[in-house]
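Asks: Here is what each chain is made of, one letter per residue.
4 protein chains.
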Amino acid sequence: MYKAGLIGVTGYTGMELARILAVHPHIELTHATSRQESGKKIEDLYPFLRSYKIGSVVISDYNAEELARHCDLIFLAVPHGTAMASAGELYAKAKESGKSLKLIDLSADFRIKDPAVFEKWYQIPHSQPQLLQKAVYGLFDIYEEEIKKADLIANPGCYPTASILGLYPALKNGIIRNDIIIDAKSGTSGAGRKAQTATLFCEVHDNFRPYSIGGKHRHTPEIEQELYLAAGKEIFVSFNPHLLPIDRGILNTIYAPLAADISAEEIHAVYTEFYKNAPFVRVLPLGQLPETRYVRGSLFCDIAVTVDKRTKKLLITSAIDNLARGASMQAAANANLCLGLPLAAGINAAPVCP
Amino acid sequence: MYKAGLIGVTGYTGMELARILAVHPHIELTHATSRQESGKKIEDLYPFLRSYKIGSVVISDYNAEELARHCDLIFLAVPHGTAMASAGELYAKAKESGKSLKLIDLSADFRIKDPAVFEKWYQIPHSQPQLLQKAVYGLFDIYEEEIKKADLIANPGCYPTASILGLYPALKNGIIRNDIIIDAKSGTSGAGRKAQTATLFCEVHDNFRPYSIGGKHRHTPEIEQELYLAAGKEIFVSFNPHLLPIDRGILNTIYAPLAADISAEEIHAVYTEFYKNAPFVRVLPLGQLPETRYVRGSLFCDIAVTVDKRTKKLLITSAIDNLARGASMQAAANANLCLGLPLAAGINAAPVCP
Amino acid sequence: MYKAGLIGVTGYTGMELARILAVHPHIELTHATSRQESGKKIEDLYPFLRSYKIGSVVISDYNAEELARHCDLIFLAVPHGTAMASAGELYAKAKESGKSLKLIDLSADFRIKDPAVFEKWYQIPHSQPQLLQKAVYGLFDIYEEEIKKADLIANPGCYPTASILGLYPALKNGIIRNDIIIDAKSGTSGAGRKAQTATLFCEVHDNFRPYSIGGKHRHTPEIEQELYLAAGKEIFVSFNPHLLPIDRGILNTIYAPLAADISAEEIHAVYTEFYKNAPFVRVLPLGQLPETRYVRGSLFCDIAVTVDKRTKKLLITSAIDNLARGASMQAAANANLCLGLPLAAGINAAPVCP
Amino acid sequence: MYKAGLIGVTGYTGMELARILAVHPHIELTHATSRQESGKKIEDLYPFLRSYKIGSVVISDYNAEELARHCDLIFLAVPHGTAMASAGELYAKAKESGKSLKLIDLSADFRIKDPAVFEKWYQIPHSQPQLLQKAVYGLFDIYEEEIKKADLIANPGCYPTASILGLYPALKNGIIRNDIIIDAKSGTSGAGRKAQTATLFCEVHDNFRPYSIGGKHRHTPEIEQELYLAAGKEIFVSFNPHLLPIDRGILNTIYAPLAADISAEEIHAVYTEFYKNAPFVRVLPLGQLPETRYVRGSLFCDIAVTVDKRTKKLLITSAIDNLARGASMQAAANANLCLGLPLAAGINAAPVCP
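Chains as they are written, first to last, in numbering that gives the first Met the number 0: chain R, 0 to 353; chain L, 0 to 353; chain B, 0 to 353; chain H, 0 to 353.
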């Protein structure tokens, strides 16, 4: 059993990681940290984990030395800025004790390769540029080999995961022109577990709303960075998120002009070929469309391609579970890979539907 | 009190009309028809209307002669095809008895001016072309004067209402180019009250999904017809609907390339001016965005304009209550106008939030 | 138009009062107070009220003198303890300026007649015992005449409203024995609009849970006080609330042993007779059961009686909208009565279903 | 790998069984039957199972001979009446081919030991009395040894599972008197996947309602049968169900008078002792209460005991996932036991929260 630490257990991504690791056959959570909940058992914070071994882990304050000495692997589930600082400390402490350490960062801190772009969008300077260079973007469908060798993995954002997987084959194969609109919809767990009026039940339930539209959302540069790598040229997207009254799930409807006269069947063949070795991307048969419930609680990204012949556009619809594939289960998959375990170890449960 | 009939009381639009008319100061529902529920009182079908006078109205079988003789106004809340046939009969019977009759048709039968376009999208021929010519499209924000004089009103579709109101000022004023995407999301009452597995609670709740995307939805030609009138030239839209796990509400996110270098402030001024005499369109201050809860149970259409400077697009977000503004309350507003009543009579209740 | 003030506009009861007063024909909200939101317009806090006159009312800090001088009527929508202090101040200021003033208190401060009982359950002493004596319990179905003459009205709690109306006729007529269980379920708006993790969307949605069961909930003494008056003897109830993943609505399932061999039909007749002059209590026909949606947004309390012959129990199910009948619309009804207006003025909208 | 058949794949219990067996390490679904969906693949009916081996199983018509010859184990997920007839046929065919066969019946057909009681509540005679005698009630926390040796297992009802587990220790130990009220609340998946207006999204969402209260629900005799065995004397319960706007989950609030002056601590100790060897019953620490989300997608039954000192009652709150513990996952657990597999094989996933 590998020993894992989890820095920041109180948010939804921390909660989901605890849930996944509760039954992981090869990774055991031995350390969980939180300032507010220090001293509590995990089962007191998360009663649904009572009776699992993980439930009796006592939450502690963050202590870099302790974590670096005891853990083979650490998940960082803390806000951006905090994550990069912790990463620096943890590697320093690990080095002192001559220990190798794998870090999976669920924040945005190591996703943007260019520190200037990071600083522009996140409004803080990057304090760990040398680590940034080492970090591998943890989209395992694309970067599996790099992840296997990585020490530091930048776990992708939820919206970027669904956006990039949806667009990659089309851009790689020159199917669409560079005028991309992503109309994204996310479940409310994506907004975090912090107490705030805006995400109270009565503010979200039986409601639907856009937010941060028109080029303001921080996932924009992350998406554009990876699409640049797919297309081999600079790509601009109009990324526009909305808040869904559901717990889990992202569904993106992506619009782009077709670059040439190409049929839906041909595009479908391109996608199927591109993802033939990606067990957790399901390219749906033509005519079927993704639904968030079909991926709930799972690592799947479901993708459909649809051609609007009247307006000569490609419509790509992609769905993930924002907490699972969009955060913690993807982190566990990345942990599996960088520890030399099978990709699906402990995370192959079927989607929970209904 | 004007006497009103309601043909097709069992669907959600019929239910909503009954709810509205229960407290209308000038229109009294005297006749309600349904094949399946004939013989029941309205309060037995809809227990929430118990203790209102409307509750004791006995539902009857459809009888054109009876309806035409007794009613000043009839709402048709039946499927397309059936509606046009009934309209033909009702006018014939009214003529026989020398009576004037106002019809508000909530189906699609009289919305599309061109019978060939209607036939292409609805797959049935139009049996009442002479009535079609008389019909007025019931978007009262645009056609108030025509509606006041009309006998037959084609009540707009739910998606078209939110789409047309959102796009009209921009097209009228040449602000955008003709490459329009409408990413539409609707509450489940829009799918009707028919027993079917696809709209069972457990198939919709905690789920989100696209449907009929890529140019397949029948509201496309209705939207394009009215936008043509706004723009003075043919307009094509890529209209793509999604199903929300909410009861009521449509929110459209509309994308179009800016035709020129124009600021958000200027566009906002254009919209404000255009709707200055439209009491039920609320152009939101820049920076605010519509939410479905803010229009729930009301006649309002809330509209926001947002400019995505990075991609030079105009984003228009518009929200309505699909049952109220998108169907039955709009029908009641049209009834008010064509009967010579004030637009807002009986339908000025504030949105129900939360 | 009577001029009304609203102290505490930021909670859900304040929001609902603003919504109701937005279209009230005889009461105009002229003053609204809030510490946090002072300086904002109501339409900025509650965008759904934009375009109503009330929307442009500027929220101010609490100022007893100003309020007492300008308002005919003041709603107190602040926490217990704060409410009684304000009431004392407002009456003092009104007296100074020789003005009569009606107060409707939505908190618990004036509901419990016995200050010792109040202190036991609310853990604070009662600072206004002389006002407590003047206060009338605002359950207008029972106390209409007293309310018409009252200056200070203790607006009933949400659970008590549904509980007392459900039990009153049975206790008044000696139908049941004194071993009453109230299994109560409330929508989440009852938990307030304060930012807290426990009522975040993802903690409530797709979930159901009991809370404060086993005699701990503060509505217990309020219910028992009124049931004592109904029965003419001390009554003890086991009151046990649960949290529903809905916005609005309370449904109580009340269990009591039958005192004698009496049929459902006889009990139904007793209830029908008791409420024959109560337009907002609907005693359902035998065999029908209440649902929260059937009273949503309305002043109705729906009540059904069911006899469990196997176990010789009376089951009373009662439903209200906790925000409307259980708080703000009941407050508006009480305001109507004490101002000499018709009970239903401005609050007769039909329930919003779906 | 054991080979399993599933008769009746189209309902929610069939769907959930398919989901569970998709990843079961020792049981493979090889046959699935349905009249309406015959010829389809499981992944076409349930797209969330695409890419699992089970997804490509072709649904066939029911053929007793084929099923009995190829399957080691068959799950019956068909309505009562149909299930007993199939069971008779399947055993006859198995006998012909000299094959042993395990049957897990998810219907009510083999739960009620007394055919007269069955007939009274289900309104049909029992056609297989000899099988009824052999059948073991599949509540494995109580009957584990019997289940291990059984060929025919009557899988418990959803409400009975939560009710019986909640009451068993109290009745076994004489803690409560025989005046029991079960106020039960269930998620909508319990109402089945049949197309009907009453369970459409817009009829259930944002709503809560009682149904079949007052001694009418068919789970009553099943609960009383098992409680008789616990108490050693006849027990009557007033069982009263309600419909929750959630997908999965049952929460029962159970009321009974305390038989003696006993503390919450003592009762808690009794429960803890009683379930010390039951890994899927979690007796919560005093002060904690169950929530449906904490057991979602799992085999757990969470139980809390609370004493209402004012009214001298024991309150037992118990929660399960009605589809998992209340039906299909309990069926899989029973399959594990009667096949000689570990109880938790393939079904130990942690609850899905949120």
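Hints in this document: simulated from the structure, not taken from any laboratory.
Take these hints with a grain of salt, some might be off.
Heads up, the list lumps identical chains together, so a pair's fine if it works in one copy or across two of them.
[Stated by the list, open to error] Taking lysine-lysine and the DSS-like style, the derived pairs with C-alpha atoms no more than 27 Å apart in a straight line are:
hint : residue 1 : residue 2
1    : 39        : 119
2    : 311       : 232
3    : 39        : 193
4    : 101       : 112
Asks: Confirm or reject each hint.
Replies: Evaluated hints:
{"no.": "1", "hint": "39 / 119", "result": "neither (38 Å within a copy, 32 Å between copies)"}
{"no.": "2", "hint": "311 / 232", "result": "both (22 Å within a copy, 19 Å between copies)"}
{"no.": "3", "hint": "39 / 193", "result": "both (18 Å within a copy, 25 Å between copies)"}
{"no.": "4", "hint": "101 / 112", "result": "within (19 Å within a copy, 59 Å between copies)"}
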